[in-house]
Structure formats: structure tokens, C-alpha cells
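2 protein chains.
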Amino acid sequence: MVLLFTGVLWLGNKVIPGSPDAINTLQKLGKKVYYITNNSTKTRREFVTKCTSMGYQATEDSIVSTAFLTACYLQDINFNKKVYVIGSQGITQELDAIGIKYLDIGPDTMNCDMPTLLREKVALEPDVGAVVVGFDEHISFPKMLKAASYLKQKECVFVATNTDEQFPTEYPHLTVPGTGTFVKAIETCSGREAFKIGKPSPYVGEAIIKRHNVDPNRTLMIGDRCNTDILFGTLCGFKTLLVLTGVTTLQEVKKWQTSSKKEEQDLVPNYYTQSLADLLSLL
Amino acid sequence: MVLLFTGVLWLGNKVIPGSPDAINTLQKLGKKVYYITNNSTKTRREFVTKCTSMGYQATEDSIVSTAFLTACYLQDINFNKKVYVIGSQGITQELDAIGIKYLDIGPDTMNCDMPTLLREKVALEPDVGAVVVGFDEHISFPKMLKAASYLKQKECVFVATNTDEQFPTEYPHLTVPGTGTFVKAIETCSGREAFKIGKPSPYVGEAIIKRHNVDPNRTLMIGDRCNTDILFGTLCGFKTLLVLTGVTTLQEVKKWQTSSKKEEQDLVPNYYTQSLADLLSLL
Numbered sequence: 019m020v021l022l023f024t025g026v027l028w029l030g031n032k033v034i035p036g037s038p039d040a041i042n043t044l045q046k047l048g049k050k051v052y053y054i055t056n057n058s059t060k061t062r063r064e065f066v067t068k069c070t071s072m073g074y075q076a077t078e079d080s081i082v083s084t085a086f087l088t089a090c091y092l093q094d095i096n097f098n099k100k101v102y103v104i105g106s107q108g109i110t111q112e113l114d115a116i117g118i119k120y121l122d123i124g125p126d127t128m129n130c131d132m133p134t135l136l137r138e139k140v141a142l143e144p145d146v147g148a149v150v151v152g153f154d155e156h157i158s159f160p161k162m163l164k165a166a167s168y169l170k171q172k173e174c175v176f177v178a179t180n181t182d183e184q185f186p187t188e189y190p191h192l193t194v195p196g197t198g199t200f201v202k203a204i205e206t207c208s209g210r211e212a213f214k215i216g217k218p219s220p221y222v223g224e225a226i227i228k229r230h231n232v233d234p235n236r237t238l239m240i241g242d243r244c245n246t247d248i249l250f251g252t253l254c255g256f257k258t259l260l261v262l263t264g265v266t267t268l269q270e271v272k273k274w275q276t277s278s279k280k281e282e283q284d285l286v287p288n289y290y291t292q293s294l295a296d297l298l299s300l301l
Numbered sequence: 019m020v021l022l023f024t025g026v027l028w029l030g031n032k033v034i035p036g037s038p039d040a041i042n043t044l045q046k047l048g049k050k051v052y053y054i055t056n057n058s059t060k061t062r063r064e065f066v067t068k069c070t071s072m073g074y075q076a077t078e079d080s081i082v083s084t085a086f087l088t089a090c091y092l093q094d095i096n097f098n099k100k101v102y103v104i105g106s107q108g109i110t111q112e113l114d115a116i117g118i119k120y121l122d123i124g125p126d127t128m129n130c131d132m133p134t135l136l137r138e139k140v141a142l143e144p145d146v147g148a149v150v151v152g153f154d155e156h157i158s159f160p161k162m163l164k165a166a167s168y169l170k171q172k173e174c175v176f177v178a179t180n181t182d183e184q185f186p187t188e189y190p191h192l193t194v195p196g197t198g199t200f201v202k203a204i205e206t207c208s209g210r211e212a213f214k215i216g217k218p219s220p221y222v223g224e225a226i227i228k229r230h231n232v233d234p235n236r237t238l239m240i241g242d243r244c245n246t247d248i249l250f251g252t253l254c255g256f257k258t259l260l261v262l263t264g265v266t267t268l269q270e271v272k273k274w275q276t277s278s279k280k281e282e283q284d285l286v287p288n289y290y291t292q293s294l295a296d297l298l299s300l301l
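Residue numbers (the numbering used here), protein chains in the order written: chain A, 19 to 301; chain B, 19 to 301.
The following block holds chain A by itself, in its conformation from the complex:
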């Protein structure tokens, strides 16, 4: 049995009580555990450090992150040019690890007027062959302009790490834009559609099945959001378990259960539990 966990380990920087015990015990019982994350701001190594600090047993091999899979995707298509990255070191360090070159990341602010920018400041590099869009708090007009201009070349590859509209935050009065916001912006100005890596795109599932030789029928997707995690599990042919510590409520699930629409039926998990701690007490 393979267990895929997402969104049920922590909220921001707070561990979800009982989750480490539950997952560590499942591993002791011989279950193979992978952690899936759409967050492109960290390398797998950094996720291992975070997992360990929160009491979860993890190795780099057990982390399935969109920054890592974006690098894998480019490797799989034998990409050998440079990448224009809208994103963070989470992405560039994974590119470094497999020897793919990229242009500098970080701030690229609008520090002149528009005519000057267009006339003098946008030097497109001829050897760029891909645009990758991940989470980037330095998103700016010059970055959008460059990404869209590289994407004028039809052969330029366009990859998005994920499409989450918002970034999770502990401040209820704020809405923090997520990667999906930047992806939509670049899709809009470039007139092109990005290849999406993260959930609910089935690419992550296909990668796990292929890389780790996993049998979908014996794989359980465990998450806290039906419209991403459970839908993703359903689309990949995994069994699904909803943990009710997140945004999805049991009431919503029961509504979808009685729906005649396929897209709502796809949101219904095979199983649900109040918390991972509860699951353990059942076992």
C-alpha cells in the first residue's frame, strides 16, 4: 500500500496535532509514504528539513514537489537551452541539480518609463527555450513582458508549476496571490496555455506511478481539499481519503454524493476521517 499525503501535515508553520504520530506509525507498519506539494518555493532538501523539524520522517526520495517535477519534465523532453524562470530558488536549485541553465531570478522592477524600458532595457537572450512560471513574490511588469516575448517563439516551452489561485496564509484579512495568479497573467498576455505540473493536473500522478513504480489501485491519496486533492486522486485512479481538518466540510461531500454531475461525483472521496489521529486509533 502506498500513501500519498498532501495538505495534512501543517498549516503555515503549525504542525497538525496527531499527524506526525499517525504517519510515522503507518510507515512502521510498512506503508510506503510520499509527500506531495504544489509549493514551488522549496527544494526537496528544504522540505525534508521542514518535515523533520515538525516530527515527520522524510527523505528526499519521499518528497514529490512541483519544483522538482518541473526540472524532471524538462529533462524528460531533453531540454538543452536556457530557462526564463518566474519563480524562486526552489526551482533554480532543482534545475541546478540536473544541469539545466537558467537566467537570473529575483527582483526585476520597473525603474524607468515605458518607452525607455521597451527601447533599451529588454534584452531577450537568444538561447532561451523555455519559460517556467512558479511562485514569485517579485512578479513585475518587466518579468511579464519578457516571459510573453520569449513565448512569441512557438517552440518555446511553457511550464507552470501549479495553478493554485491563492497562497495559504495565517492572516484571515489577507488574500495572498498564488502561482495560478501569475500563470493566468502570463497565459493572458502571451495568448498561450502552460503545461501544468501540480495537482489537479494528472502529471504529478503519472510521475509518481512511473518514477516509483506504483500501482494506482493500491495507492491512497490523503488530502484536505476535495477540489484539488480528491479530484486529483480520482483522476489518477487512486483511492482517496479526505481529512476534515482543512477547508472541505462533510456537508459539502454529502451534497456532491447526491449529485448527478460527473464533475461533482469526482470530488467525493472513497473515505473520510475527522483527523489523521482518528485514523490511527481505528487501525
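Do not rely on the hints blindly, as some may be mistaken.
Because identical chains cannot be distinguished in the list, a pair is counted as satisfied if it fits within a single copy or across any two copies.
Only pairs whose alpha carbons sit at most 20 Å apart, straight line, appear in this in silico EDC-like list of lysine to aspartate or glutamate [stated by the list, open to error]: (1) Lys272 - Asp242; (2) Lys170 - Glu183; (3) Lys172 - Glu211; (4) Lys228 - Glu173.
The set of hints was computed from the structure by calculation and includes no laboratory data.
With chain A held as given, fit chain B onto it using these hints.
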């Protein structure tokens, strides 16, 4: 007869040869002329200056711009709070003209890390009651975050000046992001849909009909793009004239003419001409 012109006066900073003569002659023949623009970066007064410098006769009253109409829209709904503007002085000066208050515009760059930004730097003002999105080359993560956070309040009004995906440019190797790019970004992170002012939204047409007491049946929309100008004219019930100095070709028009789809029939102009100069020689 009322004539509405858009996109056929100049390309960038170059006047389209013959157009000033044609339009000025039509005015002398007693036709009422309005200039429609989706460009939100200039006030009506600035458009008059540009028109005059290029040889067109224009008054503020003859300019129908999205920055001006955005201010009119807020006035029409008796808006009396402050506006959070993603945009330029083109918008804020039109707000000034009718006494609507707004927060400072201009650069708002990411000059700290994310935790610091979220904890200390996002002071939402309680009296903001609208978010307006126009063209803003200073678009940034803090701006997106603030716009989306103000829009968490359901009663917060959300207006977009226009949805043009790209901004016209004289540099063929560049794709310059247009207002539609920023609008899509804010719609994505806020989960809300903006009320759109500019073409092809019929709001501009309704505003012209109402403000200038115009009879749609005796109004001719003259433009160079079928998917915005002609569609807009058709939707407003105006007669339409395509000038073939722009992106739309006669070949495309002939294809749509034989289409059985309503959405393609709506793109077909009532009349077409190679140039405004040609039109004049016909008269």
C-alpha cells in the same frame, strides 16, 4: 449621423496617412465625431492634445476614454468611499475631476521578505470601497495582494477599465502585457469577476447613447479590429465599418461571412474600406 472612431487615427506615435483629412472633412460635412479608446493611461485632456498634435480636431467632449467612463461609472452608482487604483494618473485625474478619493498610485515594490510583508507592510485602509484595475506598469505582488484583500469584502466594487491582453507596440519582437493581463491576475487571486468598462463590453456604447443622446441606428462604428471594434459595434446595435489598415484582413471577413455561427457573423462589418482616405474619395 454619428461617427465613432477607434484604432484608425495612429499607430503608436505615427499618424495614419490620410486619416486626419478624412475625419476633419466628415466633421465639416456636419457629421458628429467621437473618438473611443480603451487606453486608460491618459485623461481626455491629454487625448485632445495628442489628437491636435496629429492633425485631428477634437474636444474633451468628443473623447470617450475608459479612464473617464470608469469615473462616470463610480459617480453613477453614488460611490462615496475611497478607490484602490491599480493604474496611472490617467485614471486618478479623472477621479479628481469628479471628487472621488483614492489611495496613492505608483511603485509599490516588494522590498522585504514575504513573512515581513504579510505581518507588517499590508495596512488595509478601512474606507476603501472599490478596486479599479487599469494599465499599470508598476504592477507588483504587494498591489495584487492588496487588491485581492480589499475584494474579500463582497460589497467592494470591482471595475476593470478594459481587457485588452496586449498593449500595442512598435517593437515586433516584444509582447507588451495589456490591462487584460492584470485584470485576469486580480480576478484569479480574488475569485471575483470585474465589471468591464471598455470595448467589447457594451458599457461604452450604452454610455455614449445615454450621455450624448445618440440613435444607434444612425451611428457608425469605425475600427480596424473585428474581434473588438466590430463585435462591439454589432453588440451595441450600431452600423459598422472596418478599415483594413489594422490587424483584420478582408480574407478573414469573407470567411466569417460564410459562417453559420452567430459569434462569427457578429464579427462581420456592414461595410469595409481599404483606408479612411479611400472612404473620403468615395464621398
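Next on the checklist: When Cα atoms must be at most 20 Å apart, do Lys170 and Glu183 count as within-copy, between-copy, both, or neither?
Outcome noted: Only across copies: Lys170 and Glu183 sit 14 Å apart there, 25 Å inside one copy, limit 20 Å.
Next on the checklist: Regarding Lys228 and Glu173, is the shortest C-alpha distance of 20 Å or less found within a copy, between copies, in both, or in neither?
Outcome noted: neither (26 Å within a copy, 48 Å between copies)
Next on the checklist: When Cα atoms must be at most 20 Å apart, do Lys272 and Asp242 count as within-copy, between-copy, both, or neither?
Outcome noted: So Lys272 and Asp242 pass the 20 Å test inside one copy only (15 Å; across, 53 Å).
Checklist entry - Which holds for Lys172 with Glu211 at a C-alpha limit of 20 Å: within a copy, between copies, both or neither? => result Within one copy, since 11 Å is at most 20 Å while 30 Å is not.
Against the hints set out earlier in the document, a violation occurs for number 4 only.
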